[in-house]
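Turn these sequences into a full structure, and let the hints guide you.
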Amino acid sequence: MNQSYKPTKEDFQPAAKSVRAEQISRPSLSYWQDAWRRLKKNTRALISLYIIIGLALFTLAGPFLWNVDPALQDLNQISQAPSWPKQAILVDPYQRWGGIVLDNFPAEPDDYLDIIPAPTNLRVVDVATTKRVRITWDPVVGAGGYSVYRNQRAPETINDLGLPLGVTDGGNEVSFEDRLNLEQREYFYSIVPTDGFDESDTYITLVVLPDLAITMSEARERNLLAQDTKLGDSIAIEFHPFGTDYLGRDMLARLMEGAQVSLFIGIFAPLLFVLFGIIYGGFAGYFGGQFDSLLMRFADFVVALPFLLFMILFKIAFGIGPGESGVMPMLLALVLLGWPSTARLVRGQVLQIRENAFIEAARLLGAKDHYLIIRHIIPNTMGVILVTLTFAVPSAIFTEAFLSFIGMGVAPPTPSWGSMCNEGVKTMLSHPHELFFPALFISITVLAFNLLGDGLTEALDSRMRSKE
Amino acid sequence: MKYLLFLMTLWSAITSAQAPVTSADFEEQTISIALTQEPPQLNSMKATDQVSNFILPHIMEGLVRYDRRGRIVPGVAYKWEIDPDGMGATFWLRENALWSDGKPVTANDFVFAWRTTLAPETASEYAFILFPIKNAEAANKGKAKLTDIGVTAIDDYTIRVELERPTAYFIKLTAFATYFPVREDFFNSRGDSYAADAQDLLFNGPFRLTEWVHSASLKMEKNETYWDKEKITLNEINAAYITEDSRARLNLFIDGKIVHTRLDGETYKDALTQKQRIRSFSTGSIFFLEYNHRAGRITDNLNLRRAIQHTFDSDKFVNNVLATPGNLAAESLFPVWLQGVDDKFRKEYPAEVAVVNKGLAAEYLAKAKSELGIEEFPALILLSGNTPTATKQAEYLQGLLKSRLGLDIKIDKQTFKQRLAKMTSGDFDFVLAGWGPDFDDIMTFGDLFASWNLNNRGRYSNPDYDEQVRIALNNVDPKTRMEAMAKLQKIIHDDAVILPMYEQGVIYLMNSKVRGVVRRVVGPDPDYTYSRVIK
Numbered sequence: 001m002n003q004s005y006k007p008t009k010e011d012f013q014p015a016a017k018s019v020r021a022e023q024i025s026r027p028s029l030s031y032w033q034d035a036w037r038r039l040k041k042n043t044r045a046l047i048s049l050y051i052i053i054g055l056a057l058f059t060l061a062g063p064f065l066w067n068v069d070p071a072l073q074d075l076n077q078i079s080q081a082p083s084w085p086k087q088a089i090l091v092d093p094y095q096r097w098g099g100i101v102l103d104n105f106p107a108e109p110d111d112y113l114d115i116i117p118a119p120t121n122l123r124v125v126d127v128a129t130t131k132r133v134r135i136t137w138d139p140v141v142g143a144g145g146y147s148v149y150r151n152q153r154a155p156e157t158i159n160d161l162g163l164p165l166g167v168t169d170g171g172n173e174v175s176f177e178d179r180l181n182l183e184q185r186e187y188f189y190s191i192v193p194t195d196g197f198d199e200s201d202t203y204i205t206l207v208v209l210p211d212l213a214i215t216m217s218e219a220r221e222r223n224l225l226a227q228d229t230k231l232g233d234s235i236a237i238e239f240h241p242f243g244t245d246y247l248g249r250d251m252l253a254r255l256m257e258g259a260q261v262s263l264f265i266g267i268f269a270p271l272l273f274v275l276f277g278i279i280y281g282g283f284a285g286y287f288g289g290q291f292d293s294l295l296m297r298f299a300d301f302v303v304a305l306p307f308l309l310f311m312i313l314f315k316i317a318f319g320i321g322p323g324e325s326g327v328m329p330m331l332l333a334l335v336l337l338g339w340p341s342t343a344r345l346v347r348g349q350v351l352q353i354r355e356n357a358f359i360e361a362a363r364l365l366g367a368k369d370h371y372l373i374i375r376h377i378i379p380n381t382m383g384v385i386l387v388t389l390t391f392a393v394p395s396a397i398f399t400e401a402f403l404s405f406i407g408m409g410v411a412p413p414t415p416s417w418g419s420m421c422n423e424g425v426k427t428m429l430s431h432p433h434e435l436f437f438p439a440l441f442i443s444i445t446v447l448a449f450n451l452l453g454d455g456l457t458e459a460l461d462s463r464m465r466s467k468e
Numbered sequence: 001m002k003y004l005l006f007l008m009t010l011w012s013a014i015t016s017a018q019a020p021v022t023s024a025d026f027e028e029q030t031i032s033i034a035l036t037q038e039p040p041q042l043n044s045m046k047a048t049d050q051v052s053n054f055i056l057p058h059i060m061e062g063l064v065r066y067d068r069r070g071r072i073v074p075g076v077a078y079k080w081e082i083d084p085d086g087m088g089a090t091f092w093l094r095e096n097a098l099w100s101d102g103k104p105v106t107a108n109d110f111v112f113a114w115r116t117t118l119a120p121e122t123a124s125e126y127a128f129i130l131f132p133i134k135n136a137e138a139a140n141k142g143k144a145k146l147t148d149i150g151v152t153a154i155d156d157y158t159i160r161v162e163l164e165r166p167t168a169y170f171i172k173l174t175a176f177a178t179y180f181p182v183r184e185d186f187f188n189s190r191g192d193s194y195a196a197d198a199q200d201l202l203f204n205g206p207f208r209l210t211e212w213v214h215s216a217s218l219k220m221e222k223n224e225t226y227w228d229k230e231k232i233t234l235n236e237i238n239a240a241y242i243t244e245d246s247r248a249r250l251n252l253f254i255d256g257k258i259v260h261t262r263l264d265g266e267t268y269k270d271a272l273t274q275k276q277r278i279r280s281f282s283t284g285s286i287f288f289l290e291y292n293h294r295a296g297r298i299t300d301n302l303n304l305r306r307a308i309q310h311t312f313d314s315d316k317f318v319n320n321v322l323a324t325p326g327n328l329a330a331e332s333l334f335p336v337w338l339q340g341v342d343d344k345f346r347k348e349y350p351a352e353v354a355v356v357n358k359g360l361a362a363e364y365l366a367k368a369k370s371e372l373g374i375e376e377f378p379a380l381i382l383l384s385g386n387t388p389t390a391t392k393q394a395e396y397l398q399g400l401l402k403s404r405l406g407l408d409i410k411i412d413k414q415t416f417k418q419r420l421a422k423m424t425s426g427d428f429d430f431v432l433a434g435w436g437p438d439f440d441d442i443m444t445f446g447d448l449f450a451s452w453n454l455n456n457r458g459r460y461s462n463p464d465y466d467e468q469v470r471i472a473l474n475n476v477d478p479k480t481r482m483e484a485m486a487k488l489q490k491i492i493h494d495d496a497v498i499l500p501m502y503e504q505g506v507i508y509l510m511n512s513k514v515r516g517v518v519r520r521v522v523g524p525d526p527d528y529t530y531s532r533v534i535k
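Here the protein sequences come in this chain order: A and B. Residue numbers are given in this note's numbering: position 358 of the first sequence equals residue 358, and the series is strictly consecutive. Residue numbers are given in this note's numbering: position 82 of the second sequence equals residue 82, and the series is strictly consecutive.
Keep in mind that the hints are not guaranteed to be accurate.
Coverage of chain B stretches by chain A, computed from C-beta distances (three or more under 8 Å per stretch; other residues unrestricted) [what the hints assert, rightly or not]: (1) 273-282; (2) 315-321; (3) 378-389; (4) 395-403; (5) 504-516.
Here are the simulated DSBU-like cross-link-like pairs (lysine-lysine), alpha carbons at most 35 Å apart as the crow flies [said to hold, decoys possible]: (6) LYS410/B / LYS86/A; (7) LYS426/A / LYS392/B; (8) LYS344/B / LYS269/B.
None of these hints come from the bench; they were simulated from the model. C-beta: ideal position from N, C-alpha, C; glycine also.
Pasting the structure below:
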C-alpha cells in the first residue's frame with residue numbers, strides 16, 4: 001500500500017532569502033596577531049615580557065643614567081651593604097703614631113706570674129674614625145706584652161675575642177692603633193696581657209664606634225669637595241644604592257656592565273644556535289630518509305666534541321692572550337657546539353607532524369613544501385623550540401659564569417653576572433649583597449625567559465585556537 | 001729554595017688510626033695534631049717540603065738548634081769555634097748525644113751525611129745549602145771527589161769544617177735539616193728503604209717516630225735517649241690526621257681532636273662565629289711585585305718603575321685590600337724580623353719609603369714615555385696566582401695603575417707551577433711573587449736579585465748590587481755585612497728593583513691548654529719541642 005507524497009506547487013517556490021547567511025563574526029586575524037592577542041591575555045607572560053624589556057633598558061640605557069665607572073675602586077667603602085647616601089667627616093691625612101711607651105714601667109716582667117690581672121682603664125685616644133682607632137690602657141704588673149683583639153659583637157668568653165689585631169712586645173707598651181678595614185659600626189676591642197710568650201686568661205673590653213672619615217686629598221681626588229669645605233666638616237660621599245664589592249667598586253654600575261656580557265651571551269648564543277638547529281632539524285625531519293640519517297649522524301658527531309677544548313682552540317685561533325676577553329670565542333663555541341640538541345628535538349617533532357592527516361590534506365590541496373613548513377610545521381614545533389630556547393638562555397649565562405671563573409671568559413676588571421657571583425660566594429656570610437644582587441639578576445632573567453617562553457608556547461600553538 | 005707560597009684546598013678524606021679522646025691530655029702529656037700532607041719520606045738529606053721540615057727537627061738534631069726564643073743554642077755540639085779569618089770552624093760534640101739504639105752520635109755521622117747529600121747520585125734539591133763548605137759545590141757537580149769536601153772528623157767527637165769563603169751564618173746553617181747526622185751502617189743496612197718507615201730511621205732528637213701508618217697517621221714519642229730529655233715535657237705528639245682541607249681541620253679543632261690549625265680567608269670567619277680564639281703570627285715571608293728587567297721589556301724602564309713606586313701605598317693595601325690581621329706593610333726587601341748588628345736590621349737601617357704622590361708619578365711616567373719614545377703604553381701583563389687572594393691583589397693593582405697612571409694591565413692567572421715556568425722564561429711584565437727565608441741570616445733575602453741567582457726571575461742585573469752581595473758573602477764582620485746590605489736596600493729602592501707589598505702574616509687556632517709552642521720564621525713551625533699541656 002504505497003502512498004507517495006504528492007508535491008504541491010508551493011513546494012517549488014524559492015525559499016525565503018536569508019540576507020545574512022554568512023557573516024564574519026570576528027575580525028580576520030593573522031597567525032601572529034592571534035598569537036599576540038592570546039599572549040596579552042596571559043598575565044605572567046606579559047609581566048615577563050615587561051621584565052625583559054626592563055632588563056634591556058637596564059643594560060643599554062642604564063649606564064647613561066647611572067654614570068659611574070664600574071672599575072673605579074674606593075678603598076674607603078669596601079664591601080658596603082646597600083644603604084642611603086652617607087656623610088663622612090673630613091680629616092687630616094694619616095700621620096704615623098708612635099704609640100705610648102711608659103718609661104717608668106718595666107718592659108719585661110721581673111717575675112712570671114701564673115695569672116696576670118687584666119689591664120684597666122681601656123680608653124680611646126683622639127677621635128676614633130674609620131681611618132684609625134687608637135686605644136690605650138693602664139699597664140699591669142707581670143705583663144711582658146699585650147695582645148689586642150677586635151670583635152664585631154660583645155665577647156662572651158675569652159675564646160670569643162675576635163680577630164687578633166696584633167701584640168705589643170713590652171709590658172710598658174700600652175697602646176695600639178687599629179687601621180684594619182674599619183667600617184662605621186660598633187667594635188669590641190679586648191686587651192689580653194701576656195708574659196711575653198703566653199697569653200693570660202684575663203681581658204678587658206671596650207666598645208668603639210668609629211666615625212666615617214675621609215681625608216682631604218681623597219675627597220679632592222673624587223671631586224667631593226665644595227668651595228668652602230674645611231677640615232671637620234661633613235661631606236656627602238659617593239652613594240652606592242646597591243652597595244660595593246670587595247674593592248669598593250659600585251655594584252649597580254657593575255651589574256649594568258655585567259648585564260651587557262651576560263645578556264649578550266645569554267641571548268645571542270641561544271638565539272643563533274636555536275635558529276640554526278631549527279633549520280637543520282627541520283630539513284632533516286622534513287626530507288627524511290638517507291638525507292636525514294646523514295645529517296643526524298653529523299649532529300651526533302658534533303655532540304661528541306668537547307666544548308672546553310673548542311673554547312681553548314678558538315681562543316688560540318682568535319689570538320686572544322692571557323688577560324683578554326674571551327667572549328667572542330665563547331659565543332662561537334656555544335653556537336657551533338650548541339645546536340644539535342635543538343636540531344634533534346625539532347627533527348623529532350617534524351617527523352611526527354609531517355605524518356599528520358592535516359599535512360596530507362594540505363598537500364592534497366596543493367600546498368607547496370615551503371608553505372607547509374612555514375604554515376603548518378614550524379608553528380607546531382614552536383612549543384619545543386621555545387622550551388629549548390628558554391632553557392638555553394640560563395645555561396648559556398651559567399656557561400659564561402663558569403668560563404669567567406676559570407679565566408676563559410671576561411677578563412677583569414670587566415664584570416659579568418656570573419663572575420660577580422663567583423666573587424660573591426667567597427664572602428657570602430659576611431657580605432651577602434655581593435652574591436645576592438648578581439644572583440637575583442640571573443634568577444630574574446632566567447625566570448622571565450621561562451615564563452615568557454611558556455606564554456609564547458601557548459600563544460603560538462595553533463591547536464590552542466580551537467580550545468577557546 | 002722557597003716554600004710553596006700558596007694554599008691548596010683539595011678535598012681529601014680524613015683518616016685516623018685511632019682517634020684520641022682529647023687533643024691535649026694533661027695526665028699523659030700528649031697532644032694530637034693534623035698534618036696537611038704526609039711527608040714523602042723523612043730522609044733529612046733529601047727533604048724539601050714543609051711537612052718534613054716540621055717533623056725532622058722534632059725527631060733529629062743537628063750540631064746546633066733553636067731555643068724557645070729562636071736563638072742558636074748547642075745541639076749535638078756542645079761548643080764550637082770559628083776561625084778568626086772565617087774560613088773554617090771546629091765543633092766539639094757531646095759524648096752523651098745518643099742515637100735511639102743507644103750508640104753515640106759521632107763526628108763520622110755528620111761527615112757521612114754531608115758527603116752523601118752532596119754526592120751527585122743523591123740528587124738532593126737542598127744540596128746547595130751545603131755549598132759554603134769547601135769543594136762542596138764542585139763535588140756536587142762531579143768536579144771534585146767527595147773526600148775532598150772540606151769536612152773531616154778529627155776524632156769521634158770533633159769535626160773540622162773548611163769553608164769555601166768566609167760565611168758568617170755558617171753556624172746557623174747547621175741547624176737546618178740537611179745538616180743533620182746520618183749513621184752510615186744503619187743507612188747502608190736499610191738501602192733504598194731508608195727513612196721510608198718508622199723502623200727505617202734512627203733518631204737523635206727530642207722525640208722518636210714510633211708509628212707511621214702511611215697516608216693515615218704518624219706518632220712521635222719522647223726520646224728517652226735524648227741528651228737533654230729533662231727539658232722535654234711532652235710524652236707524645238700524635239699526628240692523627242692528614243688532610244689538606246682547611247675546613248675539615250677547623251672542624252677537627254672545634255671537636256677537640258687537634259690542638260692547632262691554620263686559618264685562611266675562607267675559614268677564619270667560621271672560626272669567629274664558632275667563638276674560637278684566633279691568634280696571628282708573622283711567617284717572615286715577603287711578597288712583592290717583581291718587574292721583568294730583561295732588555296726590551298717596557299718594565300726595564302726605571303722611570304716607569306718609579307712612577308709605580310710613587311703610586312702604590314702598601315699601608316693602604318695591607319689594611320684595606322688584604323684586610324686580614326697579621327700582615328705588615330712592606331717597605332723593603334728585608335722583613336722586619338731580620339737581625340742586624342746589635343738590633344733588628346730594619347731598626348738600624350730604616351728603609352727609605354717612596355711617598356705616594358700623583359704629580360711625581362705623572363712626571364716619571366712622562367719621562368718614561370719620552371725615553372721609550374712612545375705615546376701610549378701598550379697593555380702590560382701582570383702574572384698572578386689563581387687563588388682568590390692573589391686574584392684580588394692583581395685586580396687591585398690593575399685598577400690602581402689604570403686610574404692613577406692610565407696603564408692598561410692584563411691579568412694572567414696561572415697555577416703555581418705554570419707561574420714559575422712563565423717567570424723563568426720571562427713571559428711577563430710584572431709578577432706577584434713572594435720569598436720565604438731558608439735560614440736565619442739576612443743573606444737568605446739579600447742575594448735574591450744577584451745576577452747569578454736563578455731565583456732572580458726578573459733577570460735584574462746590576463754590578464753594584466752584585467758587589468754588595470759579594471761583600472756580605474765574603475766578610476764575617478757584622479758591621480761590614482750590614483753596611484753592605486743597607487747599601488743594597490738603598491739600591492733596591494733607588495732602582496725600584498721590586499715593589500715591596502707586604503710581609504705575610506697568618507692566623508691560626510691553638511688549644512689554650514698547650515703552652516710553650518713556638519712559632520718560627522725559620523726552623524720547624526710550629527715547634528712543639530718545649531711545649532707542655534696545662535691542666
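Now for the hints, and whether the structure bears them out:
1. For the stretch 273-282 of chain B, the stated coverage by chain A is satisfied: 7 residues place a CB nearer than 8 Å to a CB of that chain, which reaches the threshold of 3.
2. Counting residues of the stretch 315-321 of chain B whose C-beta sits closer than 8 Å to any C-beta of chain A gives 5, which meets the bar of three, so the coverage hint holds.
3. Given as covered by chain A, the stretch 378-389 of chain B passes the check, having 5 residues with a CB less than 8 Å from a CB of that chain where 3 are the minimum.
4. Remark: the stretch 395-403 of chain B is confirmed as covered by chain A, as 7 of its residues place a Cβ nearer than 8 Å to a Cβ of that chain, reaching the required three.
5. Look at the stretch 504-516 of chain B against chain A: 4 of its residues bring a Cβ nearer than 8 Å to a Cβ of that chain, three or more, so the hint holds.
6. Between LYS410/B and LYS86/A the alpha-carbon distance is near 34 Å, which keeps this suggested pair within the 35 Å criterion.
7. Distance restraint check for LYS426/A and LYS392/B: the Cα-Cα separation of roughly 11 Å lies within the 35 Å cut-off, and the hinted pair is therefore satisfied.
8. At most 35 Å may separate the alpha-carbon atoms for a hinted pair to count; LYS344/B and LYS269/B meet this at roughly 34 Å.
Comparing the model with each earlier hint shows no violations; every hint is respected.
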